[in-house]
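Asks: Start from the sequences, fold in the hints, and give me the full structure.
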Amino acid sequence: MTACIRKGIAAAFAALLVAPAAAQVDLGTEEQRAAGKVVYDKYCGQCHGDAGDGYGYATPRVQPKPRDFTTGKYKFRTTPNGMLPSDDDLRRIIEIGAPYTSMPGWPNLTSTEIQNVIYYIKSFSPDFENPDRYGEPIDIPRPLESTAESIARGRVVYEEQGCAACHGDVGRGDGPSAPTLVDDAGDHIRAADLTQRWTYRGGPTKEDIYRTFSTGLNGTPMPSYADSLEVEDRQHLVNYVYSLGEADDPNYGTLITAAWTEEAIDLQDTEALDTLFETAPMTRFPLIGQITEPGRNFYPSATSIEAQAVYNRGEIAFRVRWNDLRADNTGRNNPSLEVPMWDEDNDIVATGDEGDDGGFFGVEEAPADDAGFFGVEEVEPQDDASFFGVETVDDSADDFFGTGDDFFGAGEAASDGAEFSDAVALQFPASLAPEDTPQLKPYFLLGDAQNPVDLWFVNLTYGVADTFRGRGSEAIEPTEADIVEAVTSYDQGEWTVTFKRRRASRAGVSFAEQQYTPIAFSVWDGFNRERGNKRALSSWFYVYTEPSVQQTATIPMLRAALIVLAIELLIVFLVRRRARQGTAEESAGGLTGTEAPAV
Amino acid sequence: MSRNKILFGIGVLAFVSVIVTVRLGGFLVDNEYRQPERQVAVEEATGEAEATPRQQGIADEQAADEAEARARPYVEAEYRAVPFVGSRVTVWVLAQLHLLFAAFVLAVPIFAFIIEFIGYVTGEKRYDRLAYEFTKLLSVSFSMTATFGAFLTFALIILYPKFTNYLMHIFSPTFLPYVLLFFLEALFLYSYYYGWGKFGPKMHLFLGFMLNVVGTAIMFIANAWLTFMMSPGKREDVDGDGIPDFVSAVSESGALLSLRDAFFNFTWMPINIHRIIANVAFGGSIAAAYAAFRYLQARNDEDRAHFDWMGYVGNFVAIIAFLPLPFAGYYLAAEIYAFSQTLGVQMMGGTFSWLFVLQAALIGNLFLGANYYLWLGMGRIEGTAHFHRFIKWLLIAIALCFAVWATPRYAIASVSEIAAMGGSSHPQLSYLGQMSAKNTAVNILILSTYMSFLLYRRTGKTSIHPQRQLLARTQVIIFAAAAALVIFFGVFGYHQSVDAATRIRFAIPQVYSVLAAMVAITVIDLPLYRNARQTGETQWGRMPAVSQYALIFIALSFTWLMGLMGYVRSGLRQEWHVYGVVLDTSPDAYTPTLGFATQIVSVTVLIFFGLIGVVFWLSSLSGKKAWEPKSAVEADRLGEGHAA
Amino acid sequence: MYGLNLVVVLPLVAVAGVLVWRRANTLTWLLFSLIGLWAFFKFGFIVPIPQSVATIYLGITGLALVCYASSSRERLAETVQPIVRLIVEPRYRLALAGLLIALPALAAYNVYADLTAPLEAPGFGREIHPPPPTELTVHDETLDMATADNPYLHYHEDDPEAYEQHLENGRRIYYENCFWCHGDGMGGDGMFAHGLNPVPSNFNDVGTLPILQSSYVHWRIAKGAPGLPAGGTPWDSAMPAWEKFLTTEEMWDVNLFIYDFNGYQPRALGQH
Amino acid sequence: MKLSVPMPVKMVLLVLGTTAFYMYLGQIVPQKEEHPPPPVLISDDMTTEDLVEIGRELAEGKGQCLAACHNIGSSGPSRYPDLGGIGERAATTIEGLSDIEYLAQSLYEPSAYVVPGYEDGMQPMNEPPISLSDDEIRAVVAWLQSLGSTPTVTLETELGY
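Quick mapping for you: the protein sequence lines, in order, are chains A, B, C and D. Read in order, the letters of the first sequence correspond to residues 1 to 599 in our numbering. Read in order, the letters of the second sequence correspond to residues 1 to 644 in our numbering. Read in order, the letters of the third sequence correspond to residues 1 to 272 in our numbering. Read in order, the letters of the fourth sequence correspond to residues 1 to 161 in our numbering.
Heads up, some of the hints might be wrong.
What the hints assert, rightly or not - Calculated lysine-lysine pairs in the BS3-like style (CA-CA distance at most 30 Å, straight line):
hint	chain 1	residue 1	chain 2	residue 2
1	A	Lys-42	C	Lys-244
2	A	Lys-441	D	Lys-10
3	B	Lys-125	B	Lys-5
4	C	Lys-42	A	Lys-37
5	B	Lys-198	B	Lys-125
6	B	Lys-392	B	Lys-461
7	D	Lys-32	B	Lys-392
8	D	Lys-10	B	Lys-162
9	C	Lys-42	B	Lys-392
10	B	Lys-125	B	Lys-392
Worth flagging that the hints you see were computed from the coordinates, not collected in a lab. If you're wondering where the values come from, they're calculated on a predicted model, not measured in any experiment.
Replies: Pasting the structure below:
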């Protein structure tokens with residue numbers, strides 16, 4: 001017992017002696033790290049690697065890559081640039097995760113478990129033993145109010161500091177340098193889309209944004225502005241960035257309401273078209289990677305799409321918008337392009353050579369265990385090579401040098417020519433189930449043999465709509481039963497595509513008034529080599545054609561109120577009358593009635 | 001001028017104007033295209049008046065029509081149509097009305113006979129009077145039944161001649177016995193009714209007994225016809241492999257192979273059982289409604305007391321018959337399933353699954369109404385306040401069971417609701433939507449209703465049995481044990497270790513524990529309250545009016561329920577007249593929606609209630625005082641013949 | 001607790017307690033029952049119950065309350081007297097006027113809320129765990145669903161080392177393929193889960209793995225959405241048919257792993 | 001004057017109200033109208049491909065194969081064997097019977113051979129209530145063949161029944 005106390009006192013003294021720097025070096029006890037290892041092995045190792053080297057089972061298919069704990073570099077910190085994160089920083093990420101990445105929050109872990117895991121994680125990197133690598137957490141001031149002046153000042157700072165180079169002029173992550181950005185491991189990294197605050201990896205609040213400016217994201221091209229900007233300017237910049245996004249929450253919907261219009265829908269008259277769509281309700285739908293059929297896409301570029309619709313007597317028009325870091329409007333694309341199996345793995349990037357004409361996608365193929373994983377269905381390596389070779393030689397030469405690129409300097413684009421173009425598709429069932437069986441739909445992924453779907457597809461190279469009929473991923477054929485028109489435009493990182501078709505259809509679905517029609521979306525980003533089945537897609541949602549004659553709520557409301565009032569008055573009248581009439585029946589109330597008075 | 005003359009004048013005027021109009025019209029038509037100039041020209045040329053081309057054409061046409069009519073072969077119509085409503089709806093409504101009256105006519109003698117028998121054994125006069133009161137309803141209803149039966153037969157022959165002919169082919173040998181039995185029925189019925197008090201009690205009881213035998217036999221014959229349409233054959237293990245095979249009563253082309261198999265077909269007996277029980281319940285409720293009607297009309301305390309009692313007995317009969325009805329229904333459904341999986345799946349899972357949610361609402365209402373009436377009935381007896389506290393708990397139990405029974409397996413839900421639930425079943429409520437929970441609910445409902453009866457029985461009485469405390473406690477323990485068993489099986493069924501098939505089989509111990517508890521409690525209750533001391537007088541006639549409306553509500557719900565179940569039984573066959581043998585090729589061959597069916601059922605029920613209102617009114621006439629002249633002068637003029 | 005929203009349920013229970021304590025009269029009880037049950041059905045469940053079912057329940061409740069209120073003369077008088085007094089006696093005139101205005105306003109608001117409620121896509125019924133086939137053919141190997149079991153489960157007792165190997169293999173398969181939807185922690189909340197309807201299965205849930213046989217889970221893994229019966233809305237589900245990508249052994253391994261990870265045992269084989 | 005509603009009026013109101021209430025309940029539940037399957041006509045000049053298409057319609061509709069009994073590739077009910085790939089299996093199921101003969105036997109005499117593990121519960125397709133004609137059965141055989149193999153049945157093929 002006394003020995004124990006003595007030891008404790010000695011330890012306290014020791015701690016006093018090496019303070020203050022050593023006070024921060026808290027690596028936990030052996031037991032704590034051992035306990036942390038148990039939790040880590042169960043919940044973390046599969047991505048971050050059992051050895052903490054960021055290479056777990058999931059790593060090949062995950063982007064951004066899981067943190068490599070052996071490097072000691074952390075993106076989201078409150079400590080100055082280049083420093084190690086505080087325990088609280090680590091805890092914050094473990095608790096809430098990083099949105100729109102494969103790092104989830106772990107609300108099921110207790111505080112102690114998290115602390116133990118932190119100790120264990122720290123043990124992977126020797127940096128944590130070095131007191132010099134620790135920095136004081138920065139001071140995050142209270143955010144300034146978002147006044148117009150503050151935002152304007154922020155805009156100036158935004159321009160001065162060259163933020164637009166990566167994040168784009170209006171913040172859609174579409175700056176000229178955006179396609180070239182790589183992190184320390186050489187992987188392409190997307191500049192944050194500042195208009196979609198909910199996708200900020202470090203968090204959506206003003207404090208989070210300030211923190212990111214001030215500390216930078218270690219290991220990425222995002223620098224710290226702690227030295228170059230005054231606190232106040234950073235705060236203005238925060239307000240400006242904050243003003244770029246509309247909400248912390250994407251408010252994903254399940255239904256587009258197609259607005260009725262008396263006017264003609266003319267795709268060529270841009271202004272009239274914009275006016276038409278201005279009043280139509282807008283719905284944002286989530287997009288996810290296509291990960292069930294070959295050509296799987298584990299890291300789609302587009303995470304959501306906004307859609308609107310208007311219709312008139314004869315026609316219906318859909319408008320969709322989504323953000324894309326570059327307009328790839330030079331390559332080829334169509335929904336039935338084949339995608340070799342290995343192209344699913346983002347891991348190929350890691351070993352890729354920048355100068356290679358395959359761009360980010362070197363010829364190194366899939367890791368060996370993956371080849372075995374697909375067993376009999378594996379594409380033979382020879383085929384891979386030849387397939388890939390042919391593709392790159394032909395297309396990158398033709399498409400890129402042939403057509404040039406309006407939006408970017410040749411220098412940036414040269415390394416990764418637009419082999420595949422951006423594209424978008426709306427998907428509808430080829431026929432609607434009879435009204436009394438609303439539950440029958442085609443398979444959301446391009447239909448099936450019995451229940452086909454129709455695709456309204458626009459390859460943004462050409463900007464015209466093609467129609468396809470899908471009977472499953474392997475059976476997509478062009479059809480020409482209905483004519484779909486489309487106009488497209490790319491502006492500041494945002495694609496806008498407007499489709500139009502006659503409401504009545506010969507072979508496909510017709511849009512009757514007040515009808516719920518299933519709809520699904522697909523988006524291809526050529527830059528991300530998305531083509532064929534490798535794409536971002538949505539599950540089934542609905543488009544509802546609102547009634548052409550809208551009814552106001554006033555009359556039904558008045559009617560309901562008056563009916564209730566009339567009943568009330570009647571009751572009051574009857575009760576009062578009866579009460580006046582006398583005493584005998586009152587005690588019996590309305591129950592006995594008048595026909596059978598109590599004996 | 002007198003009124004008669006005016007009427008006569010109008011009649012003559014109308015007749016004349018009709019004649020004039022017709023003649024005028026004929027004249028105009030004839031002269032429509034006449035061309036006098038040309039006719040004259042032709043006359044001049046030939047010197048004789050020739051027929052115009054038009055006249056010639058008309059004459060030719062007539063001749064051709066006549067020739068065609070002469071040559072036209074006789075074609076037997078398969079179907080004929082009724083304008084506006086359609087043949088199916090016509091036959092549907094007529095059959096339903098016939099069936100409702102028939103059910104009443106068959107049911108009332110059953111309990112009239114039993115009540116008369118009780119009266120005979122106990123020697124209490126009031127039972128005899130009650131039985132007579134019930135029987136009074138019979139004679140008019142009997143004619144109604146016959147009328148609608150004739151209507152139905154005509155409708156079938158006219159609208160579905162081919163199919164009716166086919167049924168004749170199969171069942172012609174049964175028609176003569178049917179008619180004979182019908183004749184006997186009339187004989188027994190009228191001798192039973194008019195012979196009241198004229199025969200000796202034993203003879204009269206014998207007449208009543210025969211009336212029931214004959215009535216039941218008639219129903220059994222008619223049931224054979226309709227069950228044949230659903231299951232034209234029987235199931236028998238022909239090849240000896242332990243699995244019953246289907247033995248069709250008719251050949252592939254529909255020719256009769258065995259009248260015996262066609263008659264005693266697979267669903268015949270289940271339907272017979274189900275119908276007898278349902279008829280008694282229905283008849284009881286209608287008789288109770290009649291009593292309610294009379295009670296509300298009654299002008300003196302004696303009548304009020306009598307009809308109060310009659311309503312009570314009618315309701316008692318209805319509910320007692322109703323308690324085993326769900327089990328009879330399960331038996332019928334299981335037999336239909338065993339006969340044909342297609343029919344079974346169609347019934348429980350397919351088109352008709354929502355019908356059973358509707359049925360749950362109806363049956364829930366029936367239970368609630370019946371219990372409510374009993375509780376109100378406690379008001380007849382002095383000093384029952386301490387029983388009122390139980391009502392709350394019984395009500396909670398009934399409402400809970402009702403709610404469980406009405407919980408749909410897959411609820412109608414919006415997308416956001418489905419998203420929130422992660423599917424169309426709610427994580428908690430989905431348990432309630434399953435058969436197991438519903439079985440539990442029905443059993444508890446039955447137990448609760450039985451409890452209400454028991455409570456009602458002991459109002460105003462105090463047991464003088466020496467062991468009364470012990471016996472009463474035993475009753476409580478039995479009741480609690482049965483309820484606990486039912487709930488245990490209901491809840492335990494969902495335990496991980498129980499698979500779905502076993503869970504469904506738990507229904508059997510549930511039913512047995514309820515039945516056993518009811519029998520055991522009754523057995524204890526009889527000695528317990530024999531010669532019990534009366535602490536409060538039962539004051540018949542001391543019922544609030546609302547209780548009588550509750551009786552009418554119960555009768556209405558019963559009628560509606562019967563109509564609804566008629567739809568499912570008949571609709572099950574889908575596009576077949578005779579399942580698998582005679583296809584319905586008329587435009588009405590499809591299965592209508594539930595909404596449409598409920599409209600037809602509602603219309604039928606309203607017609608039935610309109611007619612039964614007439615029956616009630618006619619029956620109430622016999623209780624009225626004989627007509628007497630208003631004044632002496634009038635009496636003189638009319639003579640004295642009316643006094644009797 | 002048992003899916004109940006205690007924030008709503010406990011106050012309701014508390015109010016009921018107060019009413020018992022203060023010996024509230026029948027009318028108060030009736031009003032409390034109606035409003036309280038309405039609140040309970042609407043807000044009392046963590047997963048809200050569908051409007052249609054709530055309406056059925058409230059209808060039954062209303063009917064039962066009417067029955068109760070009129071089940072005896074005394075009780076009816078107790079219920080009706082306060083209302084009659086409110087209507088007749090002059091001193092309550094203000095309250096009566098308020099009520100006369102409030103009720104129509106409430107009705108009007110109800111209509112308004114009904115008419116302006118955001119539109120929703122039409123719903124459909126979906127069976128979460130639809131009945132499996134009796135027989136399952138995966139990679140030319142036919143299993144009897146009723147008796148099939150995970151072939152590696154027995155290693156747990158016989159050969160812990162081999163068991164560990166299969167588990168580790170299952171872990172690899174899971175994190176190479178499954179976690180995008182079913183989540184790193186198997187909560188059905190992977191990074192793509194928000195875009196899917198129906199949401200991916202939550203393996204933490206006691207209502208999922210433990211109530212299913214491992215052969216059922218094998219069926220779901222092997223045949224995926226295309227293998228669902230119509231009641232399971234195969235057109236909406238994004239579950240791939242993993243037999244196209246994985247060997248039978250790999251599918252059993254991942255089956256083993258998801259049970260082990262969540263600490264559940266597969267439901268015992270049924271007696272047939 | 002005492003204000004009261006006469007008894008008959010009350011009674012009529014009660015009857016009408018209750019009936020209307022039940023009718024209303026019937027209107028708010030999901031409505032479904034079931035129509036009998038349309039007749040499928042087979043003409044003499046139909047090719048095997050036409051037969052496959054008609055066979056599929058028959059199997060879904062009049063034949064009721066897929067409504068409650070069989071499934072294809074384990075989608076749908078599964079009380080009876082999966083028909084996925086049956087065209088391939090049929091040739092080897094019973095020794096001595098060709099695939100057409102085996103399929104025809106299964107349709108005309110389902111009890112003659114029952115796939116192990118299943119109960120004998122199928123009704124002969126040529127008998128009521130299904131009552132397919134011989135040509136219709138040829139079409140169904142053609143469709144069954146097309147599941148997993150190439151159909152060869154024509155309207156002239158002898159089925160042996």
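Asks: With reference to the structure, classify each hint as holding or not holding.
Replies: Results for each hint:
1. Lys-42/A <-> Lys-244/C: holds, 28 Å
2. Lys-441/A <-> Lys-10/D: violated, 51 Å
3. Lys-125/B <-> Lys-5/B: violated, 58 Å
4. Lys-42/C <-> Lys-37/A: Answer violated: Lys-42/C to Lys-37/A is near 45 Å, above 30 Å.
5. Lys-198/B <-> Lys-125/B: holds, 15 Å
6. Lys-392/B <-> Lys-461/B: Roughly 21 Å separates the two Cα atoms, so the pair holds.
7. Lys-32/D <-> Lys-392/B: Not OK: Lys-32/D and Lys-392/B at ~40 Å, beyond 30 Å, violated.
8. Lys-10/D <-> Lys-162/B: violated, 46 Å
9. Lys-42/C <-> Lys-392/B: holds, 24 Å
10. Lys-125/B <-> Lys-392/B: violated, 37 Å
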